[in-house]
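A.B. asks: These are the residues of each chain, in order.
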Amino acid sequence: MSSPEKKWKTVESGPHSYEEALHPVVRKNYGQWKYHEIPKPGVLKHVAHSGDTIYTVRAGTPRQDTVDMLRRLCDVADKYSDGYLRFTVRNNVEFLTPNGANVEPMIRELEAMGFPVGGTGMCVSSVSHTQGWLHCDIPATDASGVVKSMMDTLYNEFKGMEMPNKVRLSTSCCAINCGGQADIAVVVKHTRPPRINHDHLATICELPKAVARCPVAAIRPTVINGKKSLMVDEEKCICCGACFGACPAMEINHPEHSKFAIWVGGKNSNARSKPSTMSIVAHNLPNNPPRWPEVTEVVGKILTAYKAGGRPWERVGEWINRIGWKRFFEETGLVFDNDMIDSYRHARTTFNQSAHVRF
Amino acid sequence: MAIEVNGVSYETDENGYLINLDDWNEDIAKVLADGEEIEMTQAHWDMINFLRGYYDEYQIAPAVKVLTKAIATEKEIDKKAASEFLYGLFPKGPGLQACKIAGLPKPTGCV
Amino acid sequence: MEGAQKAASDEVIQGKDGGNGKFLNPTPMLDELEKGPWPSFISGFKELAERTEKPMLRGVMDQLEYSYNTKMGYWKGGLVTVDGYGAGVITRYSMIKDKFPEATEFHTMRIQPAPGLHYNTAMLRGLCDTWEKFGSGIITLHGQTGDIMLQGIEQDKVQECFDELNQAGWDLGGAGAGMRTAVSCIGPGRCENACYDDLKAHLKLLKHFVGPLHRPEWNYKIKLKFSGCPNDCTNAIMRSDLAVIGTWKDAIQIEPEEVTAWVEKNGTDALVNQVINFCPTKAISLKDGEMVIDSRDCVRCMHCLNVMPKALSPGKERGISLLMGGKNTLKVGVNMGSLIVPFMKMESDEDMDEFIELVEGIIDWWDDNGLDHERIGETIERVGLKLFLEGVGLDVNINMVTRPRDNPYFKARY
Numbered sequence: 005m006s007s008p009e010k011k012w013k014t015v016e017s018g019p020h021s022y023e024e025a026l027h028p029v030v031r032k033n034y035g036q037w038k039y040h041e042i043p044k045p046g047v048l049k050h051v052a053h054s055g056d057t058i059y060t061v062r063a064g065t066p067r068q069d070t071v072d073m074l075r076r077l078c079d080v081a082d083k084y085s086d087g088y089l090r091f092t093v094r095n096n097v098e099f100l101t102p103n104g105a106n107v108e109p110m111i112r113e114l115e116a117m118g119f120p121v122g123g124t125g126m127c128v129s130s131v132s133h134t135q136g137w138l139h140c141d142i143p144a145t146d147a148s149g150v151v152k153s154m155m156d157t158l159y160n161e162f163k164g165m166e167m168p169n170k171v172r173l174s175t176s177c178c179a180i181n182c183g184g185q186a187d188i189a190v191v192v193k194h195t196r197p198p199r200i201n202h203d204h205l206a207t208i209c210e211l212p213k214a215v216a217r218c219p220v221a222a223i224r225p226t227v228i229n230g231k232k233s234l235m236v237d238e239e240k241c242i243c244c245g246a247c248f249g250a251c252p253a254m255e256i257n258h259p260e261h262s263k264f265a266i267w268v269g270g271k272n273s274n275a276r277s278k279p280s281t282m283s284i285v286a287h288n289l290p291n292n293p294p295r296w297p298e299v300t301e302v303v304g305k306i307l308t309a310y311k312a313g314g315r316p317w318e319r320v321g322e323w324i325n326r327i328g329w330k331r332f333f334e335e336t337g338l339v340f341d342n343d344m345i346d347s348y349r350h351a352r353t354t355f356n357q358s359a360h361v362r363f
Numbered sequence: 067m068a069i070e071v072n073g074v075s076y077e078t079d080e081n082g083y084l085i086n087l088d089d090w091n092e093d094i095a096k097v098l099a100d101g102e103e104i105e106m107t108q109a110h111w112d113m114i115n116f117l118r119g120y121y122d123e124y125q126i127a128p129a130v131k132v133l134t135k136a137i138a139t140e141k142e143i144d145k146k147a148a149s150e151f152l153y154g155l156f157p158k159g160p161g162l163q164a165c166k167i168a169g170l171p172k173p174t175g176c177v
Numbered sequence: 310m311e312g313a314q315k316a317a318s319d320e321v322i323q324g325k326d327g328g329n330g331k332f333l334n335p336t337p338m339l340d341e342l343e344k345g346p347w348p349s350f351i352s353g354f355k356e357l358a359e360r361t362e363k364p365m366l367r368g369v370m371d372q373l374e375y376s377y378n379t380k381m382g383y384w385k386g387g388l389v390t391v392d393g394y395g396a397g398v399i400t401r402y403s404m405i406k407d408k409f410p411e412a413t414e415f416h417t418m419r420i421q422p423a424p425g426l427h428y429n430t431a432m433l434r435g436l437c438d439t440w441e442k443f444g445s446g447i448i449t450l451h452g453q454t455g456d457i458m459l460q461g462i463e464q465d466k467v468q469e470c471f472d473e474l475n476q477a478g479w480d481l482g483g484a485g486a487g488m489r490t491a492v493s494c495i496g497p498g499r500c501e502n503a504c505y506d507d508l509k510a511h512l513k514l515l516k517h518f519v520g521p522l523h524r525p526e527w528n529y530k531i532k533l534k535f536s537g538c539p540n541d542c543t544n545a546i547m548r549s550d551l552a553v554i555g556t557w558k559d560a561i562q563i564e565p566e567e568v569t570a571w572v573e574k575n576g577t578d579a580l581v582n583q584v585i586n587f588c589p590t591k592a593i594s595l596k597d598g599e600m601v602i603d604s605r606d607c608v609r610c611m612h613c614l615n616v617m618p619k620a621l622s623p624g625k626e627r628g629i630s631l632l633m634g635g636k637n638t639l640k641v642g643v644n645m646g647s648l649i650v651p652f653m654k655m656e657s658d659e660d661m662d663e664f665i666e667l668v669e670g671i672i673d674w675w676d677d678n679g680l681d682h683e684r685i686g687e688t689i690e691r692v693g694l695k696l697f698l699e700g701v702g703l704d705v706n707i708n709m710v711t712r713p714r715d716n717p718y719f720k721a722r723y
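Heads up: the protein sequence lines correspond to chains A, B and C, in order. Position 138 of the first sequence, counted from 1, bears residue number 142 in the numbering used here, the numbering being contiguous throughout. Position 63 of the second sequence, counted from 1, bears residue number 129 in the numbering used here, the numbering being contiguous throughout. Position 132 of the third sequence, counted from 1, bears residue number 441 in the numbering used here, the numbering being contiguous throughout.
Just chain A, same shape as in the assembly (with noise of 0.2 angstroms):
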């Protein structure tokens, strides 16, 4: 490893400061919001006390983004919104200006770039999503294709607001879910044990390690042909993979035995009812790049009958916690199955200790 001559001594700064970032408009009303209004599908419009205004026109991105793109973005940004902008949490950008007059030929510009003006309001919003194939080292699958092929077929449901509330859609590329807890979300499942490569387990792994990463104690040390390593009790084994993080000798993933299976309800915002975890919907969907239709067209089944069916206001979770399960599995035409049901622990508070039936 050779180092260049030390010139510049680190600072240790931290995040990066914020109020240069900060639209000056912004900066005067800071923390002096009144109300905001969406005008449009893509476009919010925020009030202060003060009585000044500030437009901001959101836009979807591949988040998987070059400097190109970004220096694009820029131009955008000094032509239209005085050169600031920013990204929300579902990685779409912002450019906010206080001149309304502004807004419409942004919106033209952004949308002639290809970039889909939206994301607001009751909309489906862009998928918090994991790395994948392209720089994970772990991953079953390419996340960033899900997302592209899934938000390909809700293209529109981004750039409109016709939900009955907002959903939030997430993917990820293995069963630790980087991609979170969501409304919908498309997450790798792993139907088989891991295969162990002995030959080279005892020198790239720590045994200890990955005996204890094993949520269920199926790992056990042993030794083949001579070598220290590693066997898993196939019976106890819940393919999760925790295993495959601390060793990467115990390969869980597998191109046909790596599947696909779909969550709903999860939802983190307060409002109406308590933050909700995912419930499994589907599975044993094929991981089948490069559009994975499979996938996609569970989650438009899924996304046509909350449209459907949801009341205004209801998030997915709780527009199934009202008209119940049963009549989800039939309005979606998903298939409920023994699988779905909850064994691992806790378990017992998933089942319904009532005598409340759907008929």
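Please note that the accuracy of each hint is not assured.
Stated by the list, open to error - Ranges between beta-carbon positions, derived for each pair:
#	chain 1	residue 1	chain 2	residue 2	range
1	A	P43	C	D407	54 to 64 angstroms
2	C	V608	A	I228	18 to 28 angstroms
3	A	E298	C	K596	47 to 57 angstroms
4	B	E123	C	P335	51 to 61 angstroms
5	C	K596	A	P290	54 to 64 angstroms
6	A	G104	C	G520	18 to 28 angstroms
7	A	D237	C	G700	34 to 44 angstroms
8	C	Q476	A	F355	58 to 68 angstroms
9	C	E566	A	S17	40 to 50 angstroms
What the hints assert, rightly or not - Chain C regions said to be covered by chain B (calculated; three or more residues, Cβ under 8 angstroms):
#	region
10	381-391
11	394-407
12	571-578
Source of the hints: derived by calculation from the structure; they are not laboratory data. C-beta: ideal position from N, C-alpha, C; glycine also.
Dock chains B and C against the given chain A, drawing on the hints supplied.
C.D. replies: Showing chains B and C alone in chain A's frame:
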């Protein structure tokens, strides 16, 4: 990749970690330390010996907090000072440099 | 799959061939992702590669195409960092570099953005210029923890790249068993519901914990997320070990004329069906046709404020709730954060210092009582909340539970 020590070639991975942990000896450690631009002092050797002893006993490298706690106890300093001391010895971090010089496996994973 | 068989041949793929005179090799699978209306990351990568002709980009595209054919990933980890830091660079080596030599190294630098993900174009252009000089030019905005992800750099350029970024005010993000990069919502920068200055709190906290962020040495990671109100736009309750969520103590502020205007526009049905019926604690009622909120029943869920943003706003006595232990599935199952501090002021510098002290106490307790690779929520799951409260010195509060326990199995101290 490989390194040569006393005329013998030893296999390493792309980060310079020994492939065969049994190959390790003090001469190899010195060559590995050279590669990290670290001049081995007694304090360095103490740390390397601690790591190897721990690994022998538990078959895992100790968590960094085990190292800092050991240093803090021995030197009667607080955890923050112990951390500074540790990074003073191994500027690119104990995981990267101390484990390498001690001939331990490369730490894995980002989650 | 037909594609998998095709890609299984062992030829080394490198250099300009078969790309119709273009820099890139053919990538028929990836090209499928250029179709459709949503902006295509593949089109972006191709544009960048054809313009800059960086071999790494060609190698990575080839390897990605190979992954699409074989349905497997081919990156392995390693350790690359900068002087004085034990974390912040995510190391990636190709497992099949013999096949794709140009993809041998593809490391990521995690960079901490400004709180609220605010940029001015000078900042962003500078970042792009430095990144194009040393790295691939691929950037993710943003990673799930909240970092700018500069994807694709070789080990021997990392230090120089970092030095240039650092001079422009950027610092590396977290990785490993330490403090991680934080996320905050837009907060007082635009939102009328921001109950505290989450941008300032984010900056202050993360500056305070900059040491353990760069030199990880705890049991495992700690993530902080800052949401200005209980709508929790940063997903703090699920995605962070310490969720700092804005709230208020007193009554919701009501502008009666705006309530009337809302009802005139949307009708009484909407008031009943969309506002009153959705109140989780039935705190809203109609009295002589007027909307009345009983503050003692209100749990500050945000719903009515979301529906009537002009008419309703948070109360004046504002601060934060602190929730602890959120994390995703591995290994004990999904854990939501649970409430440990119902209300704390977060206005003055003293308030924030007090908050930092509390967070330090929490982390110290966990550092002493947690096991290796155990998130704080998992530690609580194992040892119980009672031990934690005693250890940290927090007073027990009924808001910490949904109800008292339903079993008698504890040792009484009387």
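A.B. asks: I want to verify a distance hint. Is the separation of the beta carbons of C:V608 and A:I228 within 18 to 28 angstroms?
C.D. replies: Violated, since C:V608 and A:I228 (Cβ atoms, about 57 angstroms apart) do not stay within the stated range.
A.B. asks: Is the distance from the Cβ of A:P43 to the Cβ of C:D407 consistent with 54 to 64 angstroms?
C.D. replies: 57 angstroms, holds
A.B. asks: With 47 to 57 angstroms as the target window, see if A:E298 and C:K596 comply at their CB atoms.
C.D. replies: 54 angstroms, holds
A.B. asks: Apply the coverage criterion to the region 381-391 of chain C and chain B: a residue qualifies when its Cβ sits closer than 8 angstroms to a Cβ of the chain, and three qualifying residues are needed.
C.D. replies: holds (count 6)
A.B. asks: Check, residue by residue, whether the region 394-407 of chain C contains three or more positions whose beta-carbon lies closer than 8 angstroms to a beta-carbon of chain B, and give the verdict.
C.D. replies: Contact hint for the region 394-407 of chain C vs chain B: holds, 6 residues under 8 angstroms.
A.B. asks: Given a hinted range of 40 to 50 angstroms, is it respected by the beta-carbon distance of C:E566 and A:S17?
C.D. replies: 48 angstroms, holds
A.B. asks: Verify the CB-CB distance for B:E123 and C:P335 against the hinted window 51 to 61 angstroms.
C.D. replies: The hinted range 51 to 61 angstroms holds for B:E123 and C:P335, with Cβ atoms some 54 angstroms apart.
A.B. asks: Examine the region 571-578 of chain C: at least three residues should have C-beta closer than 8 angstroms to a C-beta of chain B.
C.D. replies: Not satisfied, violated; 0 residues make the cut.
A.B. asks: So does C:Q476 sit 58 to 68 angstroms from A:F355, Cβ to Cβ?
C.D. replies: Hint holds: Cβ distance 59 angstroms, inside 58 to 68 angstroms.
A.B. asks: Does the Cβ pair C:K596, A:P290 satisfy 54 to 64 angstroms?
C.D. replies: 58 angstroms, holds
A.B. asks: If you check the beta carbons of A:D237 and C:G700, does the distance land in 34 to 44 angstroms?
C.D. replies: Cβ of A:D237 to Cβ of C:G700: about 36 angstroms, so the range 34 to 44 angstroms holds.
A.B. asks: Quick check on a hinted range of 18 to 28 angstroms for A:G104 and C:G520, using CB atoms only.
C.D. replies: Roughly 46 angstroms apart at Cβ, these two residues miss the hinted range, so it is violated.
This entry does not satisfy hints 2, 6, 12, going by the numbered hints stated previously.
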